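Below are the chains, spelled out letter by letter.
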Amino acid sequence: GIQVEQSPPDLILQEGANSTLRCNFSDSVNNLQWFHQNPWGQLINLFYIPSGTKQNGRLSATTVATERYSLLYISSSQTTDSGVYFCAVDTGNQFYFGTGTSLTVIP
Amino acid sequence: KAGVTQTPRYLIKTRGQQVTLSCSPISGHRSVSWYQQTPGQGLQFLFEYFSETQRNKGNFPGRFSGRQFSNSRSEMNVSTLELGDSALYLCASSPRPGYTQYFGPGTRLTVL
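For the record, the sequence lines run as chains A and B.
The first sequence begins at 571 in the working numbering and counts up one residue at a time.
The second sequence begins at 23 in the working numbering and counts up one residue at a time.
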């Protein structure tokens, strides 16, 4: 099956800092989503982004499908941004989640 | 619109028992997918249902099964529970396959 790798695995930021999370995938995909999992386990949909760039407030994402990667940008981080960020790809047959990036934002 | 709901939220079973988990999708959504999340294996795809038909299936043994009803609600069943089945089981719905998925809060299953 397809390999989905995320980096870095862990990230600690001071409140107000910016960060970039990366998702690499090993084969062509139909679409890609970014999720934030809060400490209670709820997966919250951030972006549906098979290609191109999207922005939503302090968050933005870019997917370069031809080069098989996607980036999630978090600007002016807040403590509420803490949690695990996952990318997930849809091959048409299955959904594959990445390994996740655990983000901790300290005040 | 109400979000995806899952029942029960917490469940404790013993080895050898079976369990049924329920998922109600967002109104109007006809695709439901199930995932298992464990610390060791991460998030893994179990199966996807669309219009009462299983569309795709992940690499899980036959003890894991599911179904979807005409109102798009879905259930998954795990028979002959093993300790390794302890996990957070997540359900996601979308209008149809390939569209944005929205996740429920999950059912945390503990097998003793």
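The set of hints was computed from the structure by calculation and includes no laboratory data.
None of the values given here were measured: they were computed from a predicted structure.
Where is the CB? At the ideal position from N, CA and C, for every residue including glycine.
Hints are not guaranteed to be accurate.
[Said to hold, decoys possible] Calculated lysine to any residue pairs in the SDA-like style (CA-CA distance at most 20 Å, straight line): (1) Lys23(B) / Gln40(B); (2) Lys79(B) / Gly662(A); (3) Lys79(B) / Thr590(A); (4) Lys624(A) / Thr590(A); (5) Lys23(B) / Pro117(B); (6) Lys79(B) / Lys624(A); (7) Lys624(A) / Gly120(B).
[As the list claims (entries may be wrong)] Non-contacting residues of chain A with respect to chain B, defined by C-beta distances greater than 12 Å in every case (computed): (8) Asn594; (9) Gly611; (10) Gly670; (11) Val675.
These are the hints, each one checked on the structure:
Using a Cα cut-off of 20 Å, the hinted pair Lys23(B) and Gln40(B) is violated, with the two alpha carbons roughly 32 Å apart. This hinted pair checks out: Lys79(B) and Gly662(A) have alpha carbons roughly 11 Å apart, not beyond 20 Å. Using a Cα cut-off of 20 Å, the hinted pair Lys79(B) and Thr590(A) is violated, with the two alpha carbons roughly 33 Å apart. At roughly 14 Å between alpha-carbon atoms, Lys624(A) and Thr590(A) fall within 20 Å of each other, so this suggested pair holds.
A threshold of 20 Å between alpha carbons decides the hint, and for Lys23(B) with Pro117(B) the separation of about 13 Å falls inside it, so the pair holds. Our distance criterion of 20 Å between C-alpha atoms is broken by Lys79(B) and Lys624(A), whose separation comes to about 31 Å. Distance check on the hinted pair: Lys624(A) and Gly120(B) sit about 18 Å apart at the alpha-carbon level, within 20 Å; holds. In this structure Asn594(A) is separated from chain B by more than 12 Å, as the shortest Cβ-Cβ distance comes to about 15 Å.
With a minimum CB-CB distance of about 5 Å to chain B, Gly611(A) fails to clear the 12 Å threshold, and the non-interface call is violated. Distance check on Gly670(A): its Cβ comes as close as 7 Å (rounded) to a Cβ of chain B, failing to clear the 12 Å threshold; non-interface status is violated. The Cβ of Val675(A) sits about 22 Å from the closest Cβ of chain B, beyond the 12 Å cut-off, so the non-interface label holds.
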